[in-house]
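**Student:** The chain contents come next:
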Amino acid sequence: MATLNVLTICGSLRKGSYNAMVQRALPALAPEGMSLKPAPSFADFPIYNADIQNSTGFPAPVNALADAIRAADGVIFCTPEYNFSTPGGLKNAIDWVSRLPNQPFAGKPVALQSASPGPVGGARVQYDLRKSMMFLDAFTLNKPEIFIGNCAGKFDEKSGELKDETTRGLIKQQLAAFAVFIARIAPKG
Amino acid sequence: MADNQLDVRVICGSLRKGSYNAALARTLPSLAPAGMALRPAPSFDKFPLYNFDIQHSTGFPAEVNAWADAIRAADGIIIVSPEYNWSIPGALKNAIDWVSRMKDQPFKDKPVLLQSAAGGILGGSRMQYHLRMSLTSVDAIMFGRPEVIVTFAAQKFDEKTLELKDQAAIDLIKQQLAGFEKFARRQIAKG
Chain A
1 MATLNVLTIC GSLRKGSYNA MVQRALPALA PEGMSLKPAP SFADFPIYNA
51 DIQNSTGFPA PVNALADAIR AADGVIFCTP EYNFSTPGGL KNAIDWVSRL
101 PNQPFAGKPV ALQSASPGPV GGARVQYDLR KSMMFLDAFT LNKPEIFIGN
151 CAGKFDEKSG ELKDETTRGL IKQQLAAFAV FIARIAPKG
Chain B
1 MADNQLDVRV ICGSLRKGSY NAALARTLPS LAPAGMALRP APSFDKFPLY
51 NFDIQHSTGF PAEVNAWADA IRAADGIIIV SPEYNWSIPG ALKNAIDWVS
101 RMKDQPFKDK PVLLQSAAGG ILGGSRMQYH LRMSLTSVDA IMFGRPEVIV
151 TFAAQKFDEK TLELKDQAAI DLIKQQLAGF EKFARRQIAK G
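For the protein sequence lines, the chains are A and B, in the order given.
Numbered according to my numbering, the first sequence terminates at residue 189, and the numbering increases by one at each position without gaps.
Numbered according to my numbering, the second sequence terminates at residue 191, and the numbering increases by one at each position without gaps.
Check the hints yourself; a few may be wrong.
What the hints assert, rightly or not - Calculated cross-link-like contacts (lysine to any residue; reagent style SDA-like; alpha-carbon spacing at most 25 angstroms):
(1) A:K131 / B:S57
(2) A:K131 / B:G120
(3) A:K15 / B:K108
(4) A:K143 / A:E165
(5) B:K17 / A:R99
(6) A:K131 / B:K103
(7) A:K131 / A:K158
(8) B:K46 / A:P59
(9) B:K108 / B:A37
(10) A:K131 / A:A186
(11) A:K158 / B:L122
(12) A:K15 / B:S57
(13) A:K131 / B:T136
(14) B:K46 / A:G149
(15) B:K46 / A:A186
(16) A:K15 / A:A60
(17) A:K131 / B:Q55
(18) A:K163 / A:P119
(19) A:K37 / A:P119
(20) B:K17 / A:E165
(21) A:K15 / B:K103
These aren't lab readings, by the way, just hints derived from the structure by calculation.
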């Protein structure tokens, strides 16, 4: 079976991000035949303005992210929730690539994960992202959902390693389900 | 500004020059009741993408402080925004995310009114409902009705001047702004 190449996008830019820790934990939890790698960063995207797009075109980092999404068999978001919704930085990245011809999320299998120190674990960001992904014609995996609530105690304080066994088990299940989902939605030719 | 006049800042969610929402925002002062003075908020176009490490190392950028100060000083806020990908434009959300981290969080207890214009049949309503939810997290006080959702925007603004020419929309906005003045006065007990 051909390897599934899955791109992971972290919604937080800070170095100590819990969601970046989740992102780093994924390769070890992936089923056989799934390869995960981090997407090019959106940290240097300008704030979206159609006038930029129309005068100087799409910035190089925007094209780099879009190319990586297009080339991937699936995309996983690991993101915090900011103010009951999608972090502006991540939404700005989605807004940029949404304007490209050959819009990269179209037909793309997507899975969502979120970690937060609070009890809800970022559920609200996921339902907002699902909505945006729907508009972009992505196919978002339904279940299992990964909400890592009260996350501070679930990572090793020094190494940042995800050490909570329940969470690790759930993520394994989700990644396995995502492999099946990709095979159904967008089988490799 | 006359005594007892409410100082209301208008935030536009789009940065492009030809934006229908910017055109709508420019229309508002002429439709506002006498008791309310409307002026644009400082722009958020120079805000960096939010990163806690920036906040933690070099503090809040000057542009973020300017925006927050304007919101704090205002008696009310009107947000006029397009919908991007069925939700809040990332740039506007980024601005809200920045100021939400401040100690004297500027949206707290602030009366806020929403408007949107869009080319389609839903007129940006999905953005409005999401923004309502997000502004709940910063303890803003959201105005209820009437809602201003300008659908099929291309037909309602003058093609050349971008002036709002749709009488039904104009009347509804007048009604909404009058309602917002009462609402804001009740919330802030000013006059």
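**Student:** Take the hints in turn and mark each one as holding or not.
**Tutor:** Do the hints match the structure? See the list:
Taking the CA atoms of K131 of chain A and S57 of chain B, the gap is about 34 angstroms. The hint is violated against a cut of 25 angstroms. For the given pair, K131 of chain A sits about 17 angstroms from G120 of chain B by alpha-carbon distance, which is consistent with the 25 angstroms threshold. Our distance criterion of 25 angstroms between C-alpha atoms is broken by K15 of chain A and K108 of chain B, whose separation comes to about 29 angstroms. As the CA atoms of K143 of chain A and E165 of chain A are separated by approximately 19 angstroms, the hinted pair is consistent with the 25 angstroms bound.
For the hint linking K17 of chain B to R99 of chain A, the alpha-carbon distance of about 17 angstroms falls within 25 angstroms, and the restraint holds. At most 25 angstroms may separate the alpha-carbon atoms for a hinted pair to count; K131 of chain A and K103 of chain B exceed this at roughly 31 angstroms. Between the alpha carbons of K131 of chain A and K158 of chain A the distance comes to roughly 36 angstroms, so the proposed pair goes past 25 angstroms and is violated. Straight-line distance between C-alpha atoms of K46 of chain B and P59 of chain A comes to about 16 angstroms, which keeps the hinted pair within the 25 angstroms bound.
Between K108 of chain B and A37 of chain B the CA atoms are separated by roughly 21 angstroms; this keeps the pair inside 25 angstroms, and the hint holds. For a cut-off of 25 angstroms, the pair hint linking K131 of chain A to A186 of chain A stands: about 20 angstroms separates their Cα positions. Between the alpha carbons of K158 of chain A and L122 of chain B the distance comes to roughly 49 angstroms, so the proposed pair goes past 25 angstroms and is violated. Restraint check for K15 of chain A and S57 of chain B: satisfied, since their Cα atoms lie roughly 12 angstroms apart, inside the 25 angstroms limit.
A C-alpha spacing of about 19 angstroms is found between K131 of chain A and T136 of chain B, which places the hinted pair at or below 25 angstroms, so the restraint holds. Distance hint between K46 of chain B and G149 of chain A is unfulfilled; the C-alpha atoms sit about 33 angstroms from each other, more than 25 angstroms. Pair hint K46 of chain B plus A186 of chain A does not hold up; C-alpha atoms about 39 angstroms apart against a cutoff of 25 angstroms. Between K15 of chain A and A60 of chain A the alpha-carbon distance is near 23 angstroms, which keeps this suggested pair within the 25 angstroms criterion.
Annotation: proposed proximity of K131 of chain A to Q55 of chain B is violated, straight-line Cα distance about 30 angstroms (limit 25 angstroms). Among the hinted pairs, K163 of chain A with P119 of chain A is consistent with the structure: their alpha-carbon atoms are about 18 angstroms apart, no more than 25 angstroms. With a C-alpha separation of about 28 angstroms, the suggested pair K37 of chain A and P119 of chain A falls outside the 25 angstroms cut-off, and the hint is violated. In summary, the hint linking K17 of chain B to E165 of chain A is not supported, as the alpha carbons are separated by about 52 angstroms, beyond the 25 angstroms threshold.
For the hint pairing K15 of chain A with K103 of chain B, the CA-to-CA distance comes to about 22 angstroms; that is within 25 angstroms, so the pair holds.
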